[in-house]
Amino acid sequence: MPVMSAEAVSVLEMRGQHRAAKILRQVPTTGAELATDAVDELGLKVHRELSRLGEELQLGRRVASMVGALLQQLGLGTVTPVRLVDVGCGLGQVLRSIAASGELPPYLELVGVDMNPVLSAEAARLARVENLDVRFVTGNAFEPGLAIGDGPRTVVLSTGLLHHLAADQLVAFFQAQAELRVAAFAHWDIAPCVWSTLGAWVFHQARMRQPVSRHDGVLSARRAHSADVLVAAAEQGAPGYVVDVREGSRWHPRALDVLRPIVGVRG
Amino acid sequence: MSVVVIVALVALGLVDAAFSGLRAGLGRTGLVDHRHEDRRGLRRGAMLGVIVSSPAVTAMAVDLTVGGQRVTAYRDAGAVFLTIVGPYALIVLAGLGVYGALRWEFKYLASAVILGPFTLLRPFVVLAATVVAVRHTPAPGVAITAILAAASVLLVEPVLNRRYR
Ligand SMILES: C[S@@+](CC[C@H](N)C(=O)[O-])C[C@H]1O[C@@H](n2cnc3c(N)ncnc32)[C@H](O)[C@@H]1O
Numbered sequence: 139m140p141v142m143s144a145e146a147v148s149v150l151e152m153r154g155q156h157r158a159a160k161i162l163r164q165v166p167t168t169g170a171e172l173a174t175d176a177v178d179e180l181g182l183k184v185h186r187e188l189s190r191l192g193e194e195l196q197l198g199r200r201v202a203s204m205v206g207a208l209l210q211q212l213g214l215g216t217v218t219p220v221r222l223v224d225v226g227c228g229l230g231q232v233l234r235s236i237a238a239s240g241e242l243p244p245y246l247e248l249v250g251v252d253m254n255p256v257l258s259a260e261a262a263r264l265a266r267v268e269n270l271d272v273r274f275v276t277g278n279a280f281e282p283g284l285a286i287g288d289g290p291r292t293v294v295l296s297t298g299l300l301h302h303l304a305a306d307q308l309v310a311f312f313q314a315q316a317e318l319r320v321a322a323f324a325h326w327d328i329a330p331c332v333w334s335t336l337g338a339w340v341f342h343q344a345r346m347r348q349p350v351s352r353h354d355g356v357l358s359a360r361r362a363h364s365a366d367v368l369v370a371a372a373e374q375g376a377p378g379y380v381v382d383v384r385e386g387s388r389w390h391p392r393a394l395d396v397l398r399p400i401v402g403v404r405g
Numbered sequence: 379m380s381v382v383v384i385v386a387l388v389a390l391g392l393v394d395a396a397f398s399g400l401r402a403g404l405g406r407t408g409l410v411d412h413r414h415e416d417r418r419g420l421r422r423g424a425m426l427g428v429i430v431s432s433p434a435v436t437a438m439a440v441d442l443t444v445g446g447q448r449v450t451a452y453r454d455a456g457a458v459f460l461t462i463v464g465p466y467a468l469i470v471l472a473g474l475g476v477y478g479a480l481r482w483e484f485k486y487l488a489s490a491v492i493l494g495p496f497t498l499l500r501p502f503v504v505l506a507a508t509v510v511a512v513r514h515t516p517a518p519g520v521a522i523t524a525i526l527a528a529a530s531v532l533l534v535e536p537v538l539n540r541r542y543r
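First to last, the sequence lines map onto chains A and B. For the first sequence, the numbering used here begins at 139 and goes up steadily by one. For the second sequence, the numbering used here begins at 379 and goes up steadily by one.
Because the hints were derived from the structure by calculation, they are not lab data. You may find that some hints are simply not true.
Output of the computed footprint for chain B on chain A, the stretches with three or more beta carbons under 8 Å from beta carbons of chain B [what the hints assert, rightly or not]:
{"id": "1", "stretch": "194 to 200"}
{"id": "2", "stretch": "220 to 226"}
{"id": "3", "stretch": "297 to 311"}
{"id": "4", "stretch": "341 to 355"}
Predicted model only: the values in this text are computed from it and were never measured. For each residue, glycine too, the CB sits at the ideal point set by N, CA and C.
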């Protein structure tokens, strides 16, 4: 989709996002439009840095240990494959690192989905380069049959996705999973609090190079949804599921949880 | 004494340049196993560190031989520089130790509390140490060398980042 550069800049200026506007002005254009190649290349750079951040936060291991426990709890058996689907997988670092570590049992199929074809193609390429058994597909993860075929034998996960959804999109997000009758879901995202905002700032300033990601890092913490909002949306969208947010008590800083998951298990 | 100061400065400079190279190479490929890239980053940083510090080394050599400056002037300035940079380096090393010792769930805390913030502080610490050393020394040759050396320390990472672009 061609984006008019000047128009996008003025929208951001109007919203008072001056820093974002300044960053956008530096993206190359072809005539009046943002150059697609430049935008794609920037997207890849940002996601490579993001993957690296996820690695520093040990996202793969966090996901693996939670999913391992979920699999035991669900008792899905080991004969027919169970599928683990990463929604909005980006470059697929989480699934690729799980595949590389062999932390989860081999009857688990790993499938990453992203709507952005540039990201899913690069994820697939990286998996090939390292000879990892993960499949990546492009499209809307909740389109039946695309990534989720047999819902009751599927566990859905995401990392850093929920804060990209507006509060009023959350219900539909959980509803889509309930309609596919997935066995369980676990979505990791940043908790909105002073500690995580501060932590996000430090990590993005110290470890990310692209101005876009530095800018977005702190915005992400500010956009994040509270546990109450997430649980309410999940209970409304997926009423047949037992839902909870696995985070520490109020008495220790939430930053200790880094990204905490909202977990739902079909009852 | 002079030997100790010089060895400490050179060692610190090399380690810092190597880590600058490591940082410049992080998150460039998206691969799960990036040990190869990490080693390459360390090597490139150290090599570039040696290259960009040559003006400082040359200035010092000229000052000591042609200018007849005494080694003690360099030792004194170096010692002052180390009083500021030394504790910083020790804390970062301790941070790396903590990072290595923590369980995987908590490793990122070492980054959030020590390694990350100290990466951000690094240029300011180098600047502060240089300003203090320059103000402390009566010898212009020593001051020039200190400024050239500080510039070379701060140059490694941006130069490598530019090359990756
Ligand atoms: C910020 S990225 C998260 C990347 C990755 N999970 C990580 O932690 O590095 C969010 C991604 O989710 C994708 N996305 C959002 N909703 C989606 C959906 N319903 N199906 C597939 N991809 C989706 C977007 O294309 C975007 O690339």
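Hint check results:
1. Using a Cβ-Cβ cut-off of 8 Å, 5 residues of the stretch 194 to 200 of chain A lie near chain B, which meets the minimum of three, so the contact claim holds.
2. Counting residues of the stretch 220 to 226 of chain A whose C-beta lies closer than 8 Å to any C-beta of chain B gives 0; at least three are required, and the coverage claim is violated.
3. Taking a C-beta to C-beta cut-off of 8 Å, the stretch 297 to 311 of chain A contributes 0 residues in contact with chain B, too few for the three needed, and the coverage statement is violated.
4. For the stretch 341 to 355 of chain A, the stated coverage by chain B holds: 6 residues have a C-beta nearer than 8 Å to a C-beta of that chain, and at least 3 were required.
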